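Dock chains G and A against chain D, hints included.
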Amino acid sequence: MSVFPFVVVAWILFVGLYGVVTSRHLVHQIVCLIVVQSSTYVLLLGVGYVTGAVAPYFYDVPVHTPAVDPIVQALALTDVVVEAAVTALLLSFAVQAHKRFGTLDPHELVSLKG
Amino acid sequence: MTPRQCRWVFLVAGAGLVAFYLWGLTALPGFGHYPGPYGPAVLRIAVEQTKATGVVSAVNFDYRGFDTVGEEFILFTAAAGVSVVLRKLREERERSAVDEAADRDVPPTSTAVRTVALLFTGPVVVLGWWLASHAQANPSGGFQGGVVLATAFVLVYLAGEFLVFQRFSPVTLTDAVEAVGAGGFAAVGLVAVLLGLPYLKDYLPLGQMAGAVSSSGTIALISFFVGLEVAAAFILITGELLEQTLLIRRPA
Amino acid sequence: MSALAAVHTPYTVPVVMMQALQVTLLVLVAAGATAVVLIRDRVRQVLALSVYGVLLALLFLAFQAPDVTLSELTVGAVVLPAVLLITLAKVRKSEE
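Note that the protein sequences, when read in sequence, are chains D, G and A.
Counting from 18, one number per residue, gives the positions in the first sequence under my numbering.
Counting from 34, one number per residue, gives the positions in the second sequence under my numbering.
Counting from 187, one number per residue, gives the positions in the third sequence under my numbering.
Keep in mind that the hints were calculated from the coordinates and are not lab data.
Take the hints with a grain of salt, since some may be wrong.
Stated by the list, open to error - Dumping the calculated EDC-like pairs for lysine to aspartate or glutamate here, alpha-carbon to alpha-carbon at most 20 Å:
# : chain 1 : residue 1 : chain 2 : residue 2
1 : D       : Lys116    : G       : Glu124
2 : G       : Lys121    : G       : Glu276
3 : D       : Lys116    : G       : Glu276
Predicted model only: the values in this text are computed from it and were never measured.
Just chain D, with the same shape it has in the complex (with noise of 0.2 Å):
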């Protein structure tokens, strides 16, 4: 239990990154790269958890109960929220090439000149 969330990060990462690189479609591409930004997140979060304590809002909780670490929290909520504008821009990246293109297979697209 000490190690096992660290292990799922591995497993996440290998595999987003797998699909990447054995991708034959920009789209599919881009939904694994999705997989591995989530692979950080998790990581992030495994990082800074406490056995046994409280999420870090002392609204109904007196205010020196053990809680978790915050800051790893901080960022990975900004995290989430930024790279889905960032995913939406790759897409928009995929279209203008499918449209000067006509294909979307990333090896194809390498050697075809503009």
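For chains G and A alone, kept in the frame of chain D given last:
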């Protein structure tokens, strides 16, 4: 390099990466035994110093506010990039959004989808505003509230058609709201500089009771601006993609 | 304080129960990621991504991070699949 060779090279390299990663894992403190010291230090002083009971939002908008400005401008740039990349190219034509063949036989949107989408649009807007304006108390904040607000507009598109979506969120208004949100966040920090404090330091009077809506100074204000900006950015992105799919055509 | 003692608030559950929940959700997330990558049909992959987003949100909730849960739920289950489906519609329309 053929796809099979790609796959084999990746498996070798990937195995090496995972081996190094697992080797590094042995030196980690183990899941659940976070040693600190930054996290526990912030937890100890955050509630008295900022009078905000939501420590994650206090970290996001006060202790690490400068990082959040950077992230918000990444979002702003990505939305602007989508608008630029999906512009109408020289050889394309943009149709108007009015249906030209209104009497053709198209299957209507199912009643279940329309009912659920219409029923939930109002509560989703209220929830989004609540999330964006209560950052200092509960698990809320500008980023989550903004995305939930943008979801309400996607529900409007699902219940109706693209024309209704465009009428609810014209591009100029969405652009203006996004600019107000991004600029407002930067301006709140600049006002601190004008008052002689470091950039983005909390200068509004802190309330007495921790966790009230009016306490915690600039955190609530910044969270409101961030909510506006994130909502407008996602509505803009969805609107641009819909316009590109439905309206822009290459003439035959 | 032993490493496995939980703090006592009205909301906490025994540590062993929380650990069992976390292990289950981690296994489900690993399976979900594998499923998303191995599905090749585009529209089905987007639906699998939506389910994966909900599973991730539950995992973040078990890691005591409700803020990240809210973000991941709205982004991963609504916004990303919507944007992906619109792109797929555009690409398929251009193929015809």
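The hints, checked one at a time:
A C-alpha spacing of about 11 Å is found between lysine 116 of chain D and glutamate 124 of chain G, which places the hinted pair at or below 20 Å, so the restraint holds. The straight-line distance between the Cα atoms of lysine 121 of chain G and glutamate 276 of chain G is roughly 10 Å, inside the 20 Å bound, and the hint therefore holds. Taken as a hint, the lysine 116 of chain D and glutamate 276 of chain G pair is honoured in the structure, with Cα atoms around 15 Å apart against an allowance of 20 Å.
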